[in-house]
Amino acid sequence: MKNQEIAKILYEIADLLEIEGVEFKPRAYRRAAQNIESLSVDIEELYKKGQLDKIPGVGKSIAEKIKEYLETGKVRKLEELRKKIPVDIESLSAVEGLGPRMIKTLYEKLGVKNLDDLERVCKERRLRRLKGFGEKLERKILENIQLVKQRQQQRFLLGFVLPEANAIVEELKPYVKKISLAGSIRRRKETIGDVDILAVADEPEYVMDLFTGMKRVEKVLAKGKTKSSVRLYGGIQVDLRIVEEESFGSALQYFTGSKEHNIEVRKIAIKHGYKLNEYGLFKGEKKIAGKDEEEVYKALGMQWIPPELRENRGEIEAALNGSLPKLVEYEDVKGDLQMHTKWSDGANTIEEMVQEAKKLGHKFIAITDHVGSLKIAGGMDEEDVKEQAKEIEKIREKYDDIYIFHGVEANIMKDGSLDVSNSLLKEVDLVLASVHSAFRMDEKEMTKRVIKAIEHEYVDIIAHPTCRIIQKREPIKLDIEKVFEAAKENDVIMEINAYPDRLDLNDIHTKMAIEMGIKISIGTDAHSKEHLKFYELGVAVARRGWAEKKDIINTYNIEELRKLFQK
DNA sequence: GCCGTTTTCGGCCCGACTGTTTTCAGTCG
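With the first letter of the first sequence counted as 1, position 87 gets the number 87 in the numbering used here; the numbers rise by one all the way through.
Just so you know, the hints here were simulated from the structure itself, not pulled from any lab data. Do not rely on the hints blindly, as some may be mistaken.
Computed list of lysine to aspartate or glutamate pairs in EDC-like fashion (alpha-carbon distance at most 16 Å, straight line) [unchecked claim]:
id, residue 1, residue 2
1, K219, E244
2, K84, E12
3, K178, E244
4, K363, E64
5, K550, E329
6, K358, E331
7, K359, E387
8, K426, E489
9, K448, E489
10, K477, E445
11, K104, E246
12, K533, E164
13, K227, E260
14, K567, E489
15, K48, E64
Just need the whole structure built from these sequences, with the hints factored in.
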């Protein structure tokens, strides 16, 4: 699938045009890029069907460039722009305070093409002599270059930040009238740059004192009456803003984003002759909404949009015509369908996992220890599985309010076969299959490999289908659409692995799978009882993927699941 | 370059902040 590649090209064209000072076109290219990026179908398919212009923001000219790229692997317009402005935009614009206009000036006047050039002209004090630049700016840029250099991957995993952010909210709650997370963490994005918190308080100064004085604060970065920023131990930055009660809703809407979502919402406001900002929705001077989010959306003729959907991926249109999905709720999930115990590489016994799952309110769990050749993860053989079955049977008798499915996680070998016999797989209720080795095959081979596993007569679920580890390992190369088609045909379920650095399937793939009629399971892949709480992250991905209750099998009752796992 | 129940031409999101200026351009979220 070349959607991401094409989006990247369009973004680069947008940046280069912006540097050239071209008006409006950059926005058009970015809009198209953004829509292509979050497309849930393969753009090449659309092209073959002659439906490129069905993509919002893609007109005749951009469609032409997509066609050119798909046919020749190049876009002449981009080549020309690169020749004209041979600068490393990606790293230069990563420098805070440096935008396209300055990049252009720096290139034209001082020949700055990359970070090293930029650092040099700053150190040589040549930047400050340019018109419109000055000493302060030069110093700031120099500082920010260092930040870019050391930053690289400074985003934090949702799963590790969310508990801390929630704890801060709880800590401040007794002293404020209203409080909520905002920003990407409220939208439950898989990684978080910084945490935004919004509150209403009678005594803002006192709340700011509490906030900046928290034990978990390493450094206070800024402190004011309406906004304070701190850095916690561990490096994450948290901003607290205090707003007027009458504006809480519009401020929450504004600070929750995403930016792209807000742009569209504001356009709708304009169509109505209104103006929307963080202080409220205004008709002329008169404020007509702003106290809570619901009334803001309502005044614009829209349904309230759950934060997880606010990515400008079609939720605006749906909210306008009242067709938003009824998203699966966090409390709809009644169990966890992947976890490991001491039988393979887990830290706890089956019974300990059962007790912890009960605490979380689960009605069922699946024990899915490794089997077969994955010796490093303690893969069980057929004898072990039989022994384990006996233990599970005993525990089932002891706990009548939670059901234990006996499953296994089998490895998909290089040729697509599983590394265990059918006689072992027949022993258990549930078979997960997943790739744990040879991650670097080409797309064609890898797709064939996974599809072969999907076609296996005993496989129920493909676990962590793309094998990505966020910020560490790229996803395996898969023709995801072909994989999903095979899954659909063979009634195989796709997993959302809820472990914080996996979240695999991701949101976009989840949406795509659901649109193709595939069922989704959520599994934490817990290797200790403490990991079981991560199931919420799986629900978050499901919601970001527009999943309804019926799409997620963890919402089913035990009888329905038994039927589903009959293979 | 795209788009349209106010338009097929004339628009394109908004406000705050910073650093540089003396009324504003550029950047950010």
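Outcome of the hint check:
1. K219 to E244: Violated, because 27 Å separates the two Cα atoms, which is more than 16 Å.
2. K84 to E12: Holds. K84 to E12 sits at ~13 Å (cutoff 16 Å).
3. K178 to E244: holds (10 Å)
4. K363 to E64: violated (54 Å)
5. K550 to E329: The hint holds at about 11 Å.
6. K358 to E331: Between K358 and E331 the Cα gap is close to 14 Å, so the pair holds against 16 Å.
7. K359 to E387: violated (27 Å)
8. K426 to E489: violated (22 Å)
9. K448 to E489: holds (15 Å)
10. K477 to E445: holds (9 Å)
11. K104 to E246: violated (43 Å)
12. K533 to E164: Cα-Cα ~14 Å, so holds.
13. K227 to E260: violated (24 Å)
14. K567 to E489: holds (14 Å)
15. K48 to E64: Holds. K48 to E64 sits at ~13 Å (cutoff 16 Å).
In the structure shown, a violation is registered for the earlier hints numbered 1, 4, 7, 8, 11, 13, in ascending order.
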